[in-house]
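Positions 1 to 440 (full-length UniProt numbering) are the ones given, in order, by the sequence shown.
Hints are computed from structural coordinates only; laboratory data are not their basis. Each hint should be verified, as a subset may be incorrect.
[What the hints assert, rightly or not] Simulated pairs of lysine to aspartate or glutamate, EDC-like, Cα-Cα distance not exceeding 16 Å:
hint	residue 1	residue 2
1	K16	E29
2	K173	D163
3	K173	E160
4	K124	E246
5	K124	E111
6	K16	E178
7	K376	E313
8	K173	E240
9	K16	E160
10	K124	E139
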Amino acid sequence: MSTSSNDYIDFFARAKNLFPLWPHDAVSEVHTSIMATAEAGFAVSIPKVGKDKKKGKGKKTKKNMDVQLLSTLDNDKEAVLASFPHRYAGALSVIVSKWNYYFRVYEALREIEVEPESDKEKWKGNLLDYWGRTVLFIERVLEVAIHVTCHVLRLFMAQEAIDTVHTPSKTSKYQMAEDDETDLFRTHAAILSWQNEDKTLGAHLWLTAFDWAVICEAAEHMIAMGRPEGMKPFRPTAAEVKKAKELWTEISDAQTADVNRLRREMSSKSTTSGSSSRHSPPATPGQSALTDVAVLQGVVTLCDAPQEVVQVEFWTIFINFMCAQRAEDPSHVLLGNWSTTEQGVCATEDVQKFVESIIGWLRTGSLPVSVLQLLKRYFSDEDPYTRTDLREAVKQLLMQTLMQTQTQTQMQTQMQTQTQTLTQTQGKCRLYYQKVYDIS
């Protein structure tokens with residue numbers, strides 16, 4: 001992970017295991033985190049290593065060497081999360097296969113109905129908790145591999161070779177050698193051999209691709225089998241929770257600093273080249289320096305908004321969260337749900353107050369909920385709004401909302417004095433728009 005000084009912080013340089021990355025969150029937070037990314041998945045693109053005839057027989061083409069970790073969506077749209085050297089192909093394939101299996105079996109288990117307040121209901125809850133933490137654990141390993149160090153991939157594979165269960169009670173005792181790369185660079189043929197040898201035990205069952213019917217059958221079988229003797233729910237101590245959260249906070253802070261540095265560098269390059277269509281024009285004398293910042297960096301915002309929310313990343317996460325909520329839920333329920341998300345947990349007091357204001361506007365009707373769809377389109381890569389398009393669309397939406405909230409009497413009056421009322425409505429819209437967005 002790079003910092004503003006271009007130094008790299010490796011939180012796992014001397015780590016012997018991945019015990020600190022196991023999620024120590026509350027049960028409700030685990031399920032909320034999984035549902036927040038439920039529409040996305042992972043895939044690995046492993047190009048075949050070719051040979052460049054121009055460079056001589058047998059020489060590998062370097063441009064074909066990178067393995068890509070992809071994020072996949074329901075609409076088949078893919079985004080490249082990161083590129084890795086070709087030697088990581090085996091490890092990434094194993095990790096993503098395990099994520100895919102556990103996420104699908106987690107989904108299948110959620111749909112199984114059991115008798116309320118029965119032993120099976122408790123067992124189902126424990127299974128959901130374990131499978132959910134496994135899903136989040138793998139996501140954290142991938143995130144650290146992308147943003148901090150690939151060293152965690154080696155540790156994951158080394159742990160996997162010992163036991164497919166990565167709970168802290170097991171992994172905290174592991175002492176991996178720093179120079180042992182046998183498990184990391186396990187070849188495809190070796191993985192197939194590993195899978196074949198393990199078929200009788202089923203511990204690596206997820207290495208085989210299964211259809212949804214088989215996944216559902218596996219989940220139902222686990223429920224019917226019941227809790228194994230001696231198996232206990234995950235109950236970390238307060239000290240363990242504190243230590244795990246401190247590490248993840250350090251990683252997140254370093255990641256945020258790195259993203260901010262990259263953004264500044266890109267912004268600087270855009271200013272020099274003039275090629276960025278979303279870059280703010282220079283502020284004119286006597287005009288607010290934030291005139292275009294609201295649309296360019298973080299809609300919706302205020303002139304005194306916390307710096308943390310004047311970022312594209314904040315809004316893309318927050319918009320997706322709000323769009324996933326139920327329309328009938330009141331403000332306090334939405335705030336409670338948001339506070340359990342990773343964004344909400346890490347939010348400062350200023351950010352929390354700001355989000356309270358935004359949710360309040362959305363729920364009281366002062367700010368139409370449908371504005372979120374306009375913002376999603378602005379931030380999307382497919383047919384996005386330009387800055388002007390977004391501004392005009394929001395203005396029209398605010399005007400429509402003001403019109404719709406008029407009483408029947410006001411609407412009748414409006415029919416009699418149409419021109420005057422329309423002028424007043426436009427004036428209110430413009431005044432409100434300037435106040436909320438700080439845009440003239």
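Structure-based check of all given hints:
1. K16 <-> E29: violated, 27 Å
2. K173 <-> D163: holds, 12 Å
3. K173 <-> E160: holds, 14 Å
4. K124 <-> E246: violated, 30 Å
5. K124 <-> E111: holds, 11 Å
6. K16 <-> E178: The given pair, whose Cα atoms are some 8 Å apart, holds under the 16 Å limit.
7. K376 <-> E313: Roughly 12 Å separates the two Cα atoms, so the pair holds.
8. K173 <-> E240: holds, 15 Å
9. K16 <-> E160: holds, 14 Å
10. K124 <-> E139: Roughly 22 Å between the alpha carbons, so the hint for K124 and E139 is violated.
Hints 1, 4 and 10, counting from the list given before, are not met by this structure.
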